[in-house]
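Number of protein chains: 2
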Amino acid sequence: MRVLAKDIAGLAQKEAGKMVELAGWVHRIRELGGVSFVILRDRSGLVQLVLEGKTDLTLESVVRAEGQVAINEKAPGGAEVRVQRLEVLSRSEPDLPFPVNGDMAKVGLDVILDNRPLSLRNPRIRSIFRVQATIIEAFSEYLRSEGFTEIKTSKLIGSGTEGGTGLFEVDYFDRKVYLAQSPQFYKQTMIASGLERVFEVAPAYRAEKHDTPRHLNEYVSMDVEMAFIESEADLIELEKHLLAHIFEALAKKNAEDLAAWNATVPDSDSVFKAPTIAHDEALELARAEAVRGSQNTSTGSAAQGFFEISPEVERLLCAWAGREYGIDLVFVNQFPRRHRPFYTYPASATHTMSFDALFRGLEITTGGRRQEQYQALLEVLPRFGLKAEDLKDYLAVFKYGCPPHGGFAIGCERLTQKVLGLSNVKEASLFPRDRRRVSP
Amino acid sequence: MRVLAKDIAGLAQKEAGKMVELAGWVHRIRELGGVSFVILRDRSGLVQLVLEGKTDLTLESVVRAEGQVAINEKAPGGAEVRVQRLEVLSRSEPDLPFPVNGDMAKVGLDVILDNRPLSLRNPRIRSIFRVQATIIEAFSEYLRSEGFTEIKTSKLIGSGTEGGTGLFEVDYFDRKVYLAQSPQFYKQTMIASGLERVFEVAPAYRAEKHDTPRHLNEYVSMDVEMAFIESEADLIELEKHLLAHIFEALAKKNAEDLAAWNATVPDSDSVFKAPTIAHDEALELARAEAVRGSQNTSTGSAAQGFFEISPEVERLLCAWAGREYGIDLVFVNQFPRRHRPFYTYPASATHTMSFDALFRGLEITTGGRRQEQYQALLEVLPRFGLKAEDLKDYLAVFKYGCPPHGGFAIGCERLTQKVLGLSNVKEASLFPRDRRRVSP
Numbered sequence: 000m001r002v003l004a005k006d007i008a009g010l011a012q013k014e015a016g017k018m019v020e021l022a023g024w025v026h027r028i029r030e031l032g033g034v035s036f037v038i039l040r041d042r043s044g045l046v047q048l049v050l051e052g053k054t055d056l057t058l059e060s061v062v063r064a065e066g067q068v069a070i071n072e073k074a075p076g077g078a079e080v081r082v083q084r085l086e087v088l089s090r091s092e093p094d095l096p097f098p099v100n101g102d103m104a105k106v107g108l109d110v111i112l113d114n115r116p117l118s119l120r121n122p123r124i125r126s127i128f129r130v131q132a133t134i135i136e137a138f139s140e141y142l143r144s145e146g147f148t149e150i151k152t153s154k155l156i157g158s159g160t161e162g163g164t165g166l167f168e169v170d171y172f173d174r175k176v177y178l179a180q181s182p183q184f185y186k187q188t189m190i191a192s193g194l195e196r197v198f199e200v201a202p203a204y205r206a207e208k209h210d211t212p213r214h215l216n217e218y219v220s221m222d223v224e225m226a227f228i229e230s231e232a233d234l235i236e237l238e239k240h241l242l243a244h245i246f247e248a249l250a251k252k253n254a255e256d257l258a259a260w261n262a263t264v265p266d267s268d269s270v271f272k273a274p275t276i277a278h279d280e281a282l283e284l285a286r287a288e289a290v291r292g293s294q295n296t297s298t299g300s301a302a303q304g305f306f307e308i309s310p311e312v313e314r315l316l317c318a319w320a321g322r323e324y325g326i327d328l329v330f331v332n333q334f335p336r337r338h339r340p341f342y343t344y345p346a347s348a349t350h351t352m353s354f355d356a357l358f359r360g361l362e363i364t365t366g367g368r369r370q371e372q373y374q375a376l377l378e379v380l381p382r383f384g385l386k387a388e389d390l391k392d393y394l395a396v397f398k399y400g401c402p403p404h405g406g407f408a409i410g411c412e413r414l415t416q417k418v419l420g421l422s423n424v425k426e427a428s429l430f431p432r433d434r435r436r437v438s439p
Numbered sequence: 000m001r002v003l004a005k006d007i008a009g010l011a012q013k014e015a016g017k018m019v020e021l022a023g024w025v026h027r028i029r030e031l032g033g034v035s036f037v038i039l040r041d042r043s044g045l046v047q048l049v050l051e052g053k054t055d056l057t058l059e060s061v062v063r064a065e066g067q068v069a070i071n072e073k074a075p076g077g078a079e080v081r082v083q084r085l086e087v088l089s090r091s092e093p094d095l096p097f098p099v100n101g102d103m104a105k106v107g108l109d110v111i112l113d114n115r116p117l118s119l120r121n122p123r124i125r126s127i128f129r130v131q132a133t134i135i136e137a138f139s140e141y142l143r144s145e146g147f148t149e150i151k152t153s154k155l156i157g158s159g160t161e162g163g164t165g166l167f168e169v170d171y172f173d174r175k176v177y178l179a180q181s182p183q184f185y186k187q188t189m190i191a192s193g194l195e196r197v198f199e200v201a202p203a204y205r206a207e208k209h210d211t212p213r214h215l216n217e218y219v220s221m222d223v224e225m226a227f228i229e230s231e232a233d234l235i236e237l238e239k240h241l242l243a244h245i246f247e248a249l250a251k252k253n254a255e256d257l258a259a260w261n262a263t264v265p266d267s268d269s270v271f272k273a274p275t276i277a278h279d280e281a282l283e284l285a286r287a288e289a290v291r292g293s294q295n296t297s298t299g300s301a302a303q304g305f306f307e308i309s310p311e312v313e314r315l316l317c318a319w320a321g322r323e324y325g326i327d328l329v330f331v332n333q334f335p336r337r338h339r340p341f342y343t344y345p346a347s348a349t350h351t352m353s354f355d356a357l358f359r360g361l362e363i364t365t366g367g368r369r370q371e372q373y374q375a376l377l378e379v380l381p382r383f384g385l386k387a388e389d390l391k392d393y394l395a396v397f398k399y400g401c402p403p404h405g406g407f408a409i410g411c412e413r414l415t416q417k418v419l420g421l422s423n424v425k426e427a428s429l430f431p432r433d434r435r436r437v438s439p
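These protein sequence lines map, in sequence, to chains A and B. Read in order, the letters of the first sequence correspond to residues 0 to 439 in numbering that gives the first Met the number 0. Read in order, the letters of the second sequence correspond to residues 0 to 439 in numbering that gives the first Met the number 0.
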C-alpha cells in the first residue's frame, strides 16, 4: 500500500523503522558524502528519500520507492525514508525548459502558459487550482443548502440574446451557431419553469479582441438565478453570503495554498460590512478618492472626474471601501439604463435594479433584477434597437407567466486571481485562451 | 415571509388558521358552488387555494396569495389555504400550446423540446433535472472524498488529439479552432502535473451526423482521471463505488422524482456484483443470449454472431447480467487494440487495458489505462497513421515523467436516461443539440 508524503512524519513518530511504499516525482537531488538525498513530490507534499551512493535519476522522473521511515530533524518535515528499493516508472528527459523546483516568479508568464504540463508541477503554481477547486465547491455547496438546483445548459446558441457582437461563430453541420456569452437565457428559462433557484458553473465565451491582464476569451462563469426577489438588494445579500462561505472554506481547506501566495481572505463579518453605492454616487466618490490620492502621489488629472466604472474607478472604490469599511469589497448598484442590457429591470426612468461587485480593485460580478413582464419587454425592445422577431425564443419564456427574478455571475478566474493576488487573470486559468493563445 | 407548498400540511396540523403567504404558478382551476379551487405550484410541490366566487385567473400565471391554512381531508395533501388576498405577479397568455398540468406522455418529444420554457413546468418533466442535479452532486462528492480535485479545462482546442474527424470548427479571430470532444488531453496533463486525481463535469462535443435516441451532439461529460493505477480493474472498481454512491444519493434525495417515473435504482450491494467480461468473450455471450432469446421470440439470425459491441449487443449483455447477477450492469474490458485510440495501454499484442460500462442496455462509460511511456507513444503513432509533429502538445505531457494512470467518462444524460427509463437521451438534456435542433 502506497502512503503519501504528508503522512511520513507522523509514521516516523509512531512506528520508526516501518517499511513504506511511496510514489511521486523527483523534485530535487543532492549528493553528499556517498549518499543521495532525493526530495520526492506527490499530490500531498514533499518528503526526503535517502539512497546509498550516487544516483542516475533525472529531475521530474516518476519513481516508486520502498524503504524505512526514520526521524531526522534536519530533513524537511523532520522525517525521511531510507530507501531499499527504487523503481523508475517514467523517466524524464533531462532537458527541462526551466527548473520546476525553482522560483517561478523568475519564469515569464508566456513560458509558464506554453509549458503547462511542466509549470503546473511547481507546488505554488498548482496551488492556484486547488484554491479554484475550493471556490467552485463552496459556491455550489452554499447554493445547494439554500435550495438551488444545479443546471447544465447548452453552450451552442442559434443566435445572440444581446445581438451578434462579441460572439464566436461555430460551423454546425450546414449552418452557423454561436458560443454562448452567458447562460442568461437558460437561467431565466429555468426560473420560469418553476425550479425557482438555479446555478451553473460552466464555460462562457467573449470574442473580444482586447488582451489585458483582466480578460479571457473563455472563462468559467459561476451563475446564479433566483425567483421572487424584490430588487437587486436581495441578490447583493445572497452574494455576500456566498462570498463569506467561499472565504471560510478557503481559510479552512487551503491555508497552505494561501500562505504560498502570502494571501489572506476577508473574514465573514467584514464581508457583510461591504458598502453598496449607487452608480452616480460611486463616480463622485472615485473622483474624491483620486483627488485624495493625487495629493500624496501624482496620479494626474483625476479631478476631472469619471464617466463610467472604469478599471481605475474600480481600484479607487475598493481603496476607499478598504479604508472606510475595513474590506476592499464594494457593491455598485443603480446603473443607468443605457449601460445595461434591455432585460434589466428599471428602478426609475433613468436607472436600473442592477449591480456590480468589485473586489480588491476588480469587477468580479455583474447582476441585477430582470424584467419579467412580457408586455414591458415588448415595449422596451425598440429603444435598444432590437426586434421581437429576433428574440422569439427569449420572449417565449415570459409569455406564459414568469415570477419576479434576478441573478448574477461571478467570474471564477477573477475571484481566484484576487483571492491570491495574482497579477494576471490568465494565471488563474488552467489553459487560458486569448487572441493568440489556443494551445496547449 | 413566503412559505412553500410542501409546508402547508404541517402548518395546518400545528397552527390551523395561521396566515401565510404563498407564491407560484396556477397549475389547475376548478369552480364549484360559488367557490374557486386553484392548485398552486411552486418549486416544492402543489397546494390547494380556496377563493370565494369565480376567478379570472389564467393557467400558468404567477400569483402571490395570502390566506389561512386549514385542514381539509379532500384537498391534495390534506390541507388548503383559504385565500384573503391574491395578486397576479405575471399573467400568462391564455393560448398555451399544450396543457402543462396534463399527461406529457401524450405530447410529442419535438413539442416538448420546442417549448422547453413551458414543458419544464410539468412536475414530471422537471423531475428529470432534479435527478440529474443529484447525479452531478453525488459524482463530485464521492470523488472529493477520495482526494480528487475538480478542474475546469478549455473547450477550445487548436487541433484534435485523435485527428480532425467529428470536430466542430470555430472561427477564432483570424484562425480556426475546434470544440473539444473530451478533456482527455487536459486530464492527462493534470495527472502529469502532480494533482494525481482529477475530475471535471463539462460540455463535450461530437460533430456526428447520426440522429438516434442515444446520441447528442453536445453532452455533459463527467470525467475522471487517476494516477498510479495498475490496470483498468482499478478504474472499474472506482466506477462501481461512484455508481453505488450516486444510486444511494438518488434513493435518499429523489424518491419522489424516481416514483414519478416508476423508476428504482440498484442497491449498492448489487452494483459491486456486476460482472466484468473480456470483449471477445462478451461477443460470444451476446450470441448465446441472442440464440436463447430467438428460441422464445423471433429476433432473427442472431446465431451468426457479432463483430463489435453494437447497441444490440449492449442490450443482450445487460439482459444476461440481469438474469445471472441480479443487476443489468456489465463491464466489458480488454477491447482489441484496433478498436481503441492510440493512447490506450496495451494488455497484450492484440488487446488493451480498456473498458466500457453498460447499464440497462446502454453504454454509459468508456475508459482505460493510458500509455504513459514517452518512447512507447512515439513508437505506436505510425501504426495509427499519426505523426509526432501533429501531437507535440500531447507528447509534451509524457516527455518529463508521467505516472501510470487512466480514467473514464460517464455520459451524464445517458446515466440520467437509464436511471429514469427515458426512451430518448434528448429527454435528459435541458436544451439538447442535434443535427437540426439549435434552439431554444
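For the record, the hints were derived by calculation from the structure and aren't laboratory data. Keep in mind that a hint or two might mislead.
[Claimed, not checked] One-sided excerpt, in silico: chain B residues whose CB lies under 10 angstroms from chain A:
(1) GLU14
(2) GLY16
(3) THR57
(4) GLY66
(5) ALA69
(6) ASP94
(7) ARG143
(8) SER153
(9) SER230
(10) ALA232
(11) TYR399
(12) GLU412
(13) LEU429
Glycine residues also receive a C-beta, built at the ideal position from the N, C-alpha and C atoms.
So, going through the hints one by one against the coordinates:
1. GLU14: violated, 23 angstroms
2. GLY16: violated, 25 angstroms
3. THR57: holds, 8 angstroms
4. GLY66: violated, 17 angstroms
5. ALA69: violated, 24 angstroms
6. ASP94: holds, 9 angstroms
7. ARG143: holds, 7 angstroms
8. SER153: Since the shortest Cβ distance to chain A is 4 angstroms, the answer is holds.
9. SER230: Given a least distance of 14 angstroms, the restraint on SER230 (chain B) is violated.
10. ALA232: violated, 16 angstroms
11. TYR399: holds, 4 angstroms
12. GLU412: Hint holds; GLU412 (chain B) Cβ to chain A Cβ min 9 angstroms, cut 10 angstroms.
13. LEU429: holds, 6 angstroms
When the structure is compared with the earlier hints, violations turn up for hints 1, 2, 4, 5, 9 and 10 and for no others.
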